[in-house]
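Visitor: Residue-level listing of the chains:
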Amino acid sequence: MSDNETIQGSAENVEADINCEIPEKGTYRIYIMGKAYDVPVGLTIMKAIEFAGYQFIRSCGCRAGFCGACSTVYRKEDEQKLHFALACQTLVEEGMYLVQIPFVPATKAKYDIYDLKPEENTILSLYPEIAKCVSCNTCTKACPQDIKVMMYIQNSLRGNIAKAAELSFDCIQCGMCAMRCPADIKHYHVGQLARRLYGKYLDDESQDLKKRMQEMRDGVWDEEIDKLVDMDEDAIVELYKERKIEARGDLDKDCKEGN
Amino acid sequence: MDLLYYPGCTLKTSAKSLERTAFKVMESLGHRLVEMDEWNCCGVVASLTEDDLMHHLAPLRNLIHAQDQGYQKIVALCDMCCNTLKQTNLRVAQNEDDLDTLNSFMDKESDYRKSVSVQHVLEFLRDDVSFKVLKKKVKKPLKGLKLMPYYGCTMLRPRQVAIDDPEEPTILSDLSRALGAETVDNPYKIECCGSYHTIKNKEIVRKRAATITGYATQRGADAIILSCPLCQYNIDTRGKEAEGSIEGHIQIPVFYYPQLMAIAMGMDPSDCAFEKNAVDPARVLKERGIIK
Numbered sequence: 001m002s003d004n005e006t007i008q009g010s011a012e013n014v015e016a017d018i019n020c021e022i023p024e025k026g027t028y029r030i031y032i033m034g035k036a037y038d039v040p041v042g043l044t045i046m047k048a049i050e051f052a053g054y055q056f057i058r059s060c061g062c063r064a065g066f067c068g069a070c071s072t073v074y075r076k077e078d079e080q081k082l083h084f085a086l087a088c089q090t091l092v093e094e095g096m097y098l099v100q101i102p103f104v105p106a107t108k109a110k111y112d113i114y115d116l117k118p119e120e121n122t123i124l125s126l127y128p129e130i131a132k133c134v135s136c137n138t139c140t141k142a143c144p145q146d147i148k149v150m151m152y153i154q155n156s157l158r159g160n161i162a163k164a165a166e167l168s169f170d171c172i173q174c175g176m177c178a179m180r181c182p183a184d185i186k187h188y189h190v191g192q193l194a195r196r197l198y199g200k201y202l203d204d205e206s207q208d209l210k211k212r213m214q215e216m217r218d219g220v221w222d223e224e225i226d227k228l229v230d231m232d233e234d235a236i237v238e239l240y241k242e243r244k245i246e247a248r249g250d251l252d253k254d255c256k257e258g259n
Numbered sequence: 001m002d003l004l005y006y007p008g009c010t011l012k013t014s015a016k017s018l019e020r021t022a023f024k025v026m027e028s029l030g031h032r033l034v035e036m037d038e039w040n041c042c043g044v045v046a047s048l049t050e051d052d053l054m055h056h057l058a059p060l061r062n063l064i065h066a067q068d069q070g071y072q073k074i075v076a077l078c079d080m081c082c083n084t085l086k087q088t089n090l091r092v093a094q095n096e097d098d099l100d101t102l103n104s105f106m107d108k109e110s111d112y113r114k115s116v117s118v119q120h121v122l123e124f125l126r127d128d129v130s131f132k133v134l135k136k137k138v139k140k141p142l143k144g145l146k147l148m149p150y151y152g153c154t155m156l157r158p159r160q161v162a163i164d165d166p167e168e169p170t171i172l173s174d175l176s177r178a179l180g181a182e183t184v185d186n187p188y189k190i191e192c193c194g195s196y197h198t199i200k201n202k203e204i205v206r207k208r209a210a211t212i213t214g215y216a217t218q219r220g221a222d223a224i225i226l227s228c229p230l231c232q233y234n235i236d237t238r239g240k241e242a243e244g245s246i247e248g249h250i251q252i253p254v255f256y257y258p259q260l261m262a263i264a265m266g267m268d269p270s271d272c273a274f275e276k277n278a279v280d281p282a283r284v285l286k287e288r289g290i291i292k
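Read top to bottom, the protein sequences are chains F and G.
The first sequence maps to residues 1 to 259 in my numbering.
The second sequence maps to residues 1 to 292 in my numbering.
Because the hints were derived from the structure by calculation, they are not lab data.
One or more hints might be untrue.
As the list claims (entries may be wrong) - The list that follows gives simulated cross-link-like pairs (lysine-lysine, BS3-like), each with its CA atoms no further than 27 Å apart:
{"no.": "1", "chain 1": "F", "residue 1": "LYS117", "chain 2": "G", "residue 2": "LYS276"}
{"no.": "2", "chain 1": "G", "residue 1": "LYS12", "chain 2": "F", "residue 2": "LYS200"}
{"no.": "3", "chain 1": "G", "residue 1": "LYS108", "chain 2": "F", "residue 2": "LYS141"}
{"no.": "4", "chain 1": "F", "residue 1": "LYS163", "chain 2": "G", "residue 2": "LYS136"}
{"no.": "5", "chain 1": "G", "residue 1": "LYS286", "chain 2": "G", "residue 2": "LYS136"}
Generate coordinates for the entire structure from the input sequences, incorporating the hints supplied.
Guide: Rendered as structure tokens:
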């Protein structure tokens with residue numbers, strides 16, 4: 001390539017960049033289930049879909065990246081890779097082809113957590129299909145939470161419940177992993193079982209929770225609850241706004257002592 | 001010397017006793033087994049289908065983890081894991097196109113540079129430590145103990161990844177003799193143990209276990225010595241069950257080779273996790289006056 005061509009090439013790139021970065025006032029061309037729409041730059045996928053005239057009756061929940069209801073699959077024009085995201089947390093980009101996946105069929109195994117023991121084969125016996133994992137890692141690539149999905153399945157397979165619980169902790173159960181798996185594994189239910197087994201049998205018992213449960217049984221808070229029940233809505237909202245999120249007992253003590 | 005150790009699922013579940021004992025034995029020989037930071041299933045049964053690259057992802061990913069951890073070698077205790085890892089390593093070494101396809105599919109990982117070799121711990125003991133050196137470390141020779149070495153399939157087949165002669169292997173009998181034991185030969189030493197039939201067709205495996213053991217006892221063996229966790233489970237556990245269904249069958253103990261190495265090297269029997277064996281191996285050792 002000659003110098004002249006290089007310069008010309010750079011000039012074109014600069015122009016392209018300027019076109020992309022026309023802020024706020026510009027629009028992006030996106031495709032919702034194949035139909036083209038021009039939407040303002042700077043919207044989330046969720047707001048862009050609403051801007052285009054759709055009303056969400058499914059595929060929308062907390063709008064804050066916690067509930068996992070708004071999982072979205074998209075591919076950009078001329079891109080090979082398929083992308084996975086939460087519609088409420090991801091900004092629209094030029095040329096996105098979008099579809100929402102509001103529900104993933106994935107039956108949860110029936111169990112009573114009180115009847116289970118946290119042993120090596122507990123998860124495998126309830127979800128034997130995890131043994132079909134070929135370690136292709138497609139689940140991990142599909143996770144909008146960037147969880148090492150395959151690794152928590154692998155840890156479940158080898159009976160490492162604590163590790164499976166830890167790795168799957170950020171799961172919001174959107175189901176993209178289960179939708180993509182070539183072995184039809186229902187990952188997010190497996191992770192949930194690992195966390196339940198860990199919480200019930202392996203993790204340290206929460207002393208604060210135990211104490212508070214006893215207080216409730218003893219009726220210590222009955223009077224406060226009655227007050228809340230009688231309170232009007234505005235007062236409750238005000239009270240909620242002013243609430244204090246308390247730290248654990250020991251931390252609280254440290255704070256009081258000015259440490 | 002630190003050796004990068006690939007465990008495999010079985011070593012973390014039904015074959016914990018093999019892992020525990022092997023760690024202690026290797027450490028007393030001056031070799032620390034360091035578990036890989038991250039590993040997944042070995043792939044279990046090596047896929048022989050020409051166009052089935054998907055099943056090579058699992059073993060290849062483990063090789064990449066080892067490479068990224070800065071090691072040139074993985075050692076494995078499980079015969080099947082070792083087999084699968086070796087077979088995939090061989091396939092990508094011989095088929096550049098396959099490696100390209102696998103590398104580009106994985107996409108998030110670094111490309112595999114064919115820089116990792118796979119070794120069975122038994123191979124390491126024979127080739128890197130040497131049985132001669134091992135013999136010098138023996139404090140309590142297994143005198144009077146008659147062992148029948150059993151090899152099974154995955155350590156020896158296919159030939160390209162075998163750790164010994166696929167038809168006439170000697171690695172376990174050489175090891176046994178280095179530990180001071182006598183060995184008896186058995187025509188069934190390289191026959192299949194029944195493998196995964198153990199899940200759905202237990203009776204087939206009970207019969208296999210009884211046949212293999214039957215020849216051993218006919219020839220006066222006190223116990224069987226082997227390496228593979230699946231063979232151990234099948235011959236020991238299903239063999240014990242066969243005592244109820246096959247007339248005249250008595251199951252003899254089935255040792256993992258590190259258990260016998262530990263005893264011969266003077267370690268405490270409590271280091272051998274004998275309690276995980278279906279047939280108590282301590283009794284025959286006491287009868288022969290090897291342990292108290």
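Visitor: Take the hints in turn and mark each one as holding or not.
Guide: Outcome of the hint check:
A distance of roughly 19 Å separates the Cα atoms of F/LYS117 and G/LYS276; the hinted pair therefore holds under the 27 Å criterion. Restraint check for G/LYS12 and F/LYS200: satisfied, since their Cα atoms lie roughly 22 Å apart, inside the 27 Å limit. Annotation: proposed proximity of G/LYS108 to F/LYS141 holds, straight-line Cα distance about 8 Å (limit 27 Å). Straight-line distance between C-alpha atoms of F/LYS163 and G/LYS136 comes to about 41 Å, which puts the hinted pair past the 27 Å bound.
The straight-line distance between the Cα atoms of G/LYS286 and G/LYS136 is roughly 23 Å, inside the 27 Å bound, and the hint therefore holds.
In summary, the structure is inconsistent with hint 4 from the numbered list given earlier, while agreeing with all the others.
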